[in-house]
Amino acid sequence: MESLEQIKARAENAIAGARLEVILNGSPSCQHSMLVDEEHALAVARFLRDDPLLRFDYASNVTGVDWPDTVVKKIIKVKQIVDGVERELDQSVEEKKAGHLEAVYHLYSMQLNHGPFVLRLRTADRAERNHLPSLTPVWRGAEFQEREAFDLYGIIFDGHPDLRRILMWDEFKDFPMRKDYLEPDDYEYEPTPHADVLEKAQKHVKEAV
Amino acid sequence: MDEGLKSELSKQGVFTTTFEDLYNWGRKNSIWPLGFGLACCAIEMIAASMARWDLARFGAEVFRPSPRQADLMIVAGTVTKKMAPQVVRLYNQMPEPKYVIAMGACAISGGPFKQGYNVLKGIDRYIPVDVHIPGCPPRPEALLHAFMTLQRKIDEQPLTGAQRPRHLVAEAPSEFPVPQYGEHDLEPPNNPAVWQPPALASAD
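Those protein sequences? They're chains U and E, same order as listed.
Here the numbering used here is used: the first residue of the first sequence is 3, the next is one more, and so on.
Here the numbering used here is used: the first residue of the second sequence is 52, the next is one more, and so on.
Simulated from the structure, these hints should not be mistaken for laboratory data.
Mixed in with the good hints, there may be bad ones.
Unchecked claim - When the alpha-carbon atoms are kept at most 27 angstroms apart in a straight line, the in silico BS3-like pairs for lysine-lysine are as follows:
| hint | chain 1 | residue 1 | chain 2 | residue 2 |
| --- | --- | --- | --- | --- |
| 1 | U | 98 | U | 76 |
| 2 | E | 165 | U | 202 |
| 3 | U | 181 | E | 62 |
Stated by the list, open to error - To spell it out: a stretch of chain E is covered by chain U in this simulated footprint if at least three of its residues, at any positions, have a beta carbon under 8 angstroms from a beta carbon of chain U; those stretches are:
| hint | segment |
| --- | --- |
| 4 | 156-169 |
| 5 | 233-239 |
Please read these numbers as outputs of a predicted model, since none were measured by experiment.
Glycine included, every Cβ here is placed at the ideal spot set by N, Cα and C.
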């Protein structure tokens, strides 16, 4: 298999305007991935499947990732005049980073026997602009897995042939795999509570007293 | 009937019994289970019905594919919240007298999935359970033990008086409310007539 940089260069060459980004994975697995912008995702997916050197004909896994809103503390140097002398002072600034949802596709080639190639798509945010193009038209096997990502993360795949909940019931409104999901409070006690469960159990005792 | 007299009569070749004994003897030796399984516990249940453990010894080998012909529901496996209304509906469709064995950690309490969002924390929240079997999954021997426990329970049921079983009490419910799919959870989360949360003494 070509390196991710080579694939990125060829894909950007083949599809006008496509913006790809290699995301390096620093862990021992070194499973680097490729972030693709959502407008050209479908074209890039077709390129990955049909290119004679790549032939990624098998999407083995589709999953979602939730990146919640984070606050990053940064220390910046500010020049201030203190007692008539200009000095450099450290000032901490809080920077809000908007969260997003991610769909991750693991691709393999059955013909050329290589892979995995990790493809990532990102939504603009977690609330309203949570749409991504569906890659089911390219890999038919992604259908149920995209439904699962929709069900559990709330990513809406435009162009999906049958986007319904797959694990939870249709009337269900929440997205259970999101970080800010609150599960229903329906277990009343635990023999050995700890952490969150201990807090919950103590709350129940307080209510009971 | 006096046991001594009964024994004496049987020595003379006179067989005596009571209608209650005969009725319960018949019932306890032909408990036909409903043939359905929900998860890995079902594999153990199937094993228990095959030659090695041979559930037929207890008269319970006839797994019925229809709830209308079944006497016993073996809830073998994880009951997800999506599945729970169907399980309750199947139970409602069974004719009285009917019994329930909750088999395995999941069916009795949610088991390893207790802290999850989509698993019912025990089928006893919606339907009355006669025998609980712990284990993950319980061995076929445990299921056989549960069967024998249930048989003993049926054998001891009086047909008259305050202790008579549910199916002989006219005003006792035979059907139990089927939970509805809600926006966040099943509604109601449990049937208060069947199950109440345990009283909490302390969480320490």
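These are the hints, each one checked on the structure:
no.	hint	result
1	98(U) - 76(U)	holds (11 angstroms)
2	165(E) - 202(U)	holds (14 angstroms)
3	181(U) - 62(E)	violated (76 angstroms)
4	156-169	holds (count 6)
5	233-239	holds (count 4)
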